[in-house]
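Asker: Sequence:
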Amino acid sequence: MQALAEFLGADSTAEFVWILIGLAGQALFMGRFLIQWLASEKAKRSVIPLAFWWFSIGGAAVLLAYAIHRGDPVFILGQSLGFFIYARNLWLIRAERRGAEVTPPPPPTA
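Residues 1 to 110 (the UniProt record's numbering) make up the sequence shown, in order.
One thing to keep in mind: the hints can contain errors.
Here are the computed distance ranges between Cβ atoms for each label pair [unchecked claim]:
id, residue 1, residue 2, range
1, W18, G99, 52 to 62 Å
2, D11, A95, 41 to 51 Å
3, A3, D72, 36 to 46 Å
4, L50, A24, 20 to 30 Å
5, K44, E96, 28 to 38 Å
6, R70, W37, 45 to 55 Å
7, E15, I76, 17 to 27 Å
8, W91, W18, 45 to 55 Å
9, L4, R70, 30 to 40 Å
10, P73, E15, 30 to 40 Å
11, E96, E6, 43 to 53 Å
In case anyone wonders, no lab produced these hints; they're calculated from the structure. Even glycine gets a Cβ: it sits at the ideal position worked out from N, Cα and C.
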C-alpha cells in the first residue's frame, strides 16, 4: 500500500483515501461509456440506457466531493453543472415513464 500511495503522490493516509475516492468517481464516470457502448451494440443503434445516467450522477457526485476536497474551482464548477444535467435527465425520464403509465393507449385505427 505504501508503494501505491507514493506512486499516486499521496503524502498522508487521508490524501491517499481521497485519491482513491477520486479514482472511484472517475471509474464510475468512465463506466457509463462502456454501458452506453454495449447497449448500442446490442440494439444495433445508438441508445442511452438508464444506467448511463445513474453512473453519470454517481461519478459526478463522487468527483464533485473530490474536487471540493482539492479546492479546485474549475473542477468544482465542471462537476456541479454535470451533476444537475444528469439529475435533470433522470427526472425527465421518470416523468415520461409516469406519464406513460397513467395515459391510456390510443384506440386502434381501422
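Asker: Is 17 to 27 Å right for how far apart the beta carbons of E15 and I76 are?
Answerer: 18 Å, holds
Asker: With 36 to 46 Å as the target window, see if A3 and D72 comply at their CB atoms.
Answerer: 26 Å, violated
Asker: Could you say whether the range 45 to 55 Å given as a hint is met by the Cβ separation of R70 and W37?
Answerer: 30 Å, violated
Asker: Please test the hint of 28 to 38 Å on the beta carbon pair from K44 and E96.
Answerer: At roughly 23 Å between Cβ atoms, E96 and K44 fall outside 28 to 38 Å, so the hint is violated.
Asker: Indicate whether the distance between the beta carbons of P73 and E15 respects the range 30 to 40 Å.
Answerer: 19 Å, violated
Asker: Should the hint that D11 and A95 are 41 to 51 Å apart at their CB atoms be regarded as holding?
Answerer: Since the Cβ atoms of D11 and A95 sit about 47 Å apart, the hinted range of 41 to 51 Å holds.
Asker: Between L4 and R70, is the Cβ distance one that fits in 30 to 40 Å?
Answerer: 19 Å, violated
Asker: How does the Cβ-Cβ distance of E96 and E6 compare with 43 to 53 Å: does it lie in that range?
Answerer: Holds - the Cβ-Cβ distance for E96 and E6, about 49 Å, lies within 43 to 53 Å.
Asker: Is 20 to 30 Å a correct range for the gap between the Cβ atoms of L50 and A24?
Answerer: Holds, at about 21 Å.
Asker: A range of 45 to 55 Å was offered for this pair. Does it hold for the Cβ distance of W91 and W18?
Answerer: At 30 Å between Cβs, range violated.
Asker: So the hint says 52 to 62 Å: do the beta-carbon atoms of W18 and G99 match that?
Answerer: At roughly 42 Å between Cβ atoms, G99 and W18 fall outside 52 to 62 Å, so the hint is violated.
The structure is inconsistent with the numbered hints 1, 3, 5, 6, 8, 9 and 10, although it conforms to all the rest.
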